[in-house]
Amino acid sequence: MARTFKEVLSEAGISMDFEAGGKAPAALTDREIQREPHERVKYLKERYMEALSSINNEFPYWYTREYMRNDLELPVVRRALALKAAFSHLTPAIYPQELLTMRKGPFVRGSFAMPWLTNSFFLAQGDALYQAAMKSGSASAGEHSKFGAGGGNVTQSFGNVVSVAGKFGVRQEEVGILVKLAHMWQDKSVEQISNRYERMVPGYDIKEQVMRSLVCMFDSGFTLPQGREVINYYYPLEYGFDGIVRMCEEKMAECAGDAGGDGMVGTNRLYNYYAVKLVIEGVQKWIENYAAEARRLSGVTPDKQQSAEYAAMADRLQHIAHHQPRTFIEALQMVETLHIAVVNEDAISGMSVGRLGQVLYPWFEQDIAAGRITEDEVLELLEQDRILKTSIDPFASTGVVGGVLSGNSFNTLSVGGVNRRGESAVNRLEYLILEAGVRNAMPQSTIALHYDERLPEDFLLLAMDVIKSGAGYPAFMNNDVAEQFFMQHYACENITLEEARAWSIGGCLESQPGVWKTIHLNGKSYEVPGGACQPTSVGIHFLAMPKILELTLFNGVDQRTKAQVYPPHNRKLESYEEVWDQFKLYWQLSCKVLELCNNLQHDIWRKNNMAVFNSMLKPGCLDSGHLINELGYRFNATYNVESCGTVTWVNSMAALKKLVFEEKQFTLDEVREAMSKNFGFKTAHEVNSFSISDQQKREDDDGRFNRLHFALLQAPKYGNDDKAADEVLLEWENWFCDDCANYQSLYAKPMYACQISVSTHGAQGSATCATPDGRLAGTTYADASMSAYPGTDRNGPFALLSSATVWDHSMSQNSQMNVKIHPTAIRGPEGSKKLLDLIRAYMRKGGFHIQFNVVDTKVLRDAQAHPENYRDLMVRVAGFTQYWVEIGKSVQDELIARTEYEGF
Amino acid sequence: MTQLTFRDTRDYVAIDVDKGIDHRTGKLVHADAEAPEGYERLAKCKFCKHYQAEDASNGCCTAAAPAFAAYGDMIAITCEDFTAVH
Ligand code: SF4
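In order, the protein sequence lines correspond to chains A and B. Just so it is clear: in the first sequence, position 714 is 714 by this note's numbering, and no numbers are missing. Just so it is clear: in the second sequence, position 59 is 1059 by this note's numbering, and no numbers are missing.
There could be a bad hint or two in this list.
[Unchecked claim] List of simulated lysine to aspartate or glutamate pairs, EDC-like, C-alpha gap at most 16 Å:
hint	chain 1	residue 1	chain 2	residue 2
1	A	Lys592	A	Asp738
2	A	Lys180	B	Glu1054
3	A	Lys833	A	Glu457
4	B	Lys1019	A	Glu46
5	B	Lys1044	A	Glu58
6	B	Lys1027	A	Glu46
7	A	Lys285	B	Glu1080
8	B	Lys1027	A	Glu50
9	A	Lys180	B	Asp1055
10	B	Lys1019	A	Glu50
Worth flagging that the hints you see were computed from the coordinates, not collected in a lab. Predicted model only: the values in this text are computed from it and were never measured.
With the sequences and hints as input, model every part of the structure.
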């Protein structure tokens, strides 16, 4: 049997199963905190667990039919008419026992394609889907897809169900129209129009190479044109839809034909207000359709209690279709409705709910005071909210949904932080939100806790309980660091400290400033924070640092495909400085061409596919009459440069610096040869696995790279409070965070650094050859941006935190640190205090973000072997929580390999 | 009248493309299983007078001006022009 990478690492003192600070108990250890949801929620959760991700064509059908009919209409009105038709024709789906309702489509996990955005997948796959549809129906009627690996993903076609991209199921009867609709958008989709213009960008050929080699993960301009942002529910909660329609009508009368001093887009205000009115009418019809269905069910349901619940639901829906909510449950239903309306308007992932507990507090406070609801009933509703949020399945190109997002939708909910005056913003409802997160642990909404020294201790200790439940949330985010970042970056938009304090997390870690608005309810006023930013889903997204280093070392040639990605630099690379300099040049070359191409992609999006409903929600579009595409949002400087593989790159540069350039133990040519030969290991393709733990030596390996590989693995590694590695990180951060401002979004705003990996450390790792830190070809990079490479952080968690904070995190939108802890290490009240101390230490050092996987690695191994027993096991990946069975094997293996802290 | 499958009845709500709940019994049922007699037929394009079938799954809607592609399986409870065929 050939030697495995694990064995080689172990000899170099790096254990893939490294247990730091002690020894884990031999037996499988469960999580300490486990609480049950309400019976009703259990029933609904079972339905979710049974549900397959499903798509249908209602929304795209009605959208396309209406859009094609109005070809002479103004773009914004044409889009609004199409959206109105689509919303008003959605089939309502209401399930027994639910109190909150409304979904993307008529399934528990419904979704749909948007061929007006991107249609190449269906054009290319049309024949294959037809073939699958032809074959369907031959299987026995009772055949069902198997749960286990894949969870709710339809990984294969079965019965009358055709698998789309291994993720969604579509009925075979709908495959024909699915492909037909994609053809109707031939040459009209944002993807295809923008591609025509992208080709006019000088250096477009480099952009193509950069995408093919996976230096860059995706075309952000149209793939997920909105998202990774914070929603704002304020206007409908304050005015109701009828109030907003009246506002639009008044504004239309005010600005019809009036340029308002703006000769460029001033007159557009009329069309914009009209478009908003049209889309609201569609959304109102959609809500009323649900109300009608609830009423119908009430009439035909023999069970008296269920019938009464349907009737009450109908009443609530009918009311919120027009007016400000009267009660907590109506306000929460309104929020669910608004959220789904926004994610149905566009291909969106990471539409975060923001500080929901603070937004809904007015209704909570008054209902509790009046005895209209109990805290237990609120808890039950909050538990249900988690099912609805987890049921949102984003539909985008498959590489993005699977490869980048692990199928996750990132509807992050923020708690904590400070109010407008800088005092703790925590309220009683936020305690219940945390409690609901334990009782009904599901991936969404994942919770971000805005840490501030002023937050109450018992609130923070409750958060420790939630972490100990193994849910992977709340992640802790540093309030001060975020505010400092906003004050610097949004200075170009005249941000105030009060607006910085209104921030929330959009997506998994994309911090965004907000605004304060006043809710008036029964004569009382409440200030609530909400989102006011453009998306963060657009920009130069996921540039693979280790891949660019590979291209630097190999004169611009991709070692996997042998393609010349960048022009050859023909430099000898005789010093560390020369490697670093060339790396920067290739990095900048990538950023420049991607900046231009993504700007064009998104420019086409804003011209034909602009957000109307989401714009209506975001201050100050309703005030100015300008939507997102005309800089109507309060903050527009949100586009960024995202890096991936920071720590793998840092370790690689540190190894080159020490072994090649300082100590001259090896030549760069020797390192390059070893990298290209994968240190004598088989390729990931040969072992048919991209997992760290599955890699094996070649049978014919003569051991000539052993000494070099051993030395590289033992070279300084980030995460040990070792200057040799940490100074490389510091140099990178200082350069990178400044360099981002050299790129400008289509809205002429400077970009900034965003340092999260989501799941790209798996996908981009799979396309990268072996690296000078000793990592093998095709395997994952270190996750996140501040996590150590598995097994290399050997000096305890405080050393890791010191390494991570050598640089000023407020220069960047975020940083990301994941830590895996064995449940026994933080058991009991003492364990909670220790964990909180650890977090405090990191926050006080200036770390921006830290999150925990509280899990026994043995459980993960067992779950990999027996996925059918672990349908509801959740893990924290990198900025998000996901069901174990719904993430790919290479990321699973990386999670297993991460250092497990047994004590500190 | 031929027997309806659950997914062609008004008493069924889909959990996903393969199964759903029978509102009358509260039970989990397979989408393609035959529903008991007496279940109400669901409004779908294939049961609409305006639907012209071109093949087993696809056709066009003549209520649209001009006629527009349609598919027989689309649920039509929200379509203002749905006119049931008997
Ligand atoms: S009128 Fe409506 S239900 Fe009838 S075929 Fe046309 S779209 Fe379908």
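Each hint, compared with the structure:
1. A:Lys592 with A:Asp738: holds (15 Å)
2. A:Lys180 with B:Glu1054: Judged against 16 Å, a Cα distance of about 13 Å means the pair holds.
3. A:Lys833 with A:Glu457: holds (10 Å)
4. B:Lys1019 with A:Glu46: holds (14 Å)
5. B:Lys1044 with A:Glu58: holds (12 Å)
6. B:Lys1027 with A:Glu46: Given that 16 Å is the threshold and the Cα spacing comes to 13 Å, the pair holds.
7. A:Lys285 with B:Glu1080: holds (12 Å)
8. B:Lys1027 with A:Glu50: OK: Lys1027 (chain B) and Glu50 (chain A) at ~13 Å, within 16 Å.
9. A:Lys180 with B:Asp1055: With Cα atoms ~14 Å apart, Lys180 (chain A) and Asp1055 (chain B) stay inside 16 Å; holds.
10. B:Lys1019 with A:Glu50: holds (9 Å)
This entry satisfies every hint, going by the numbered hints stated previously.
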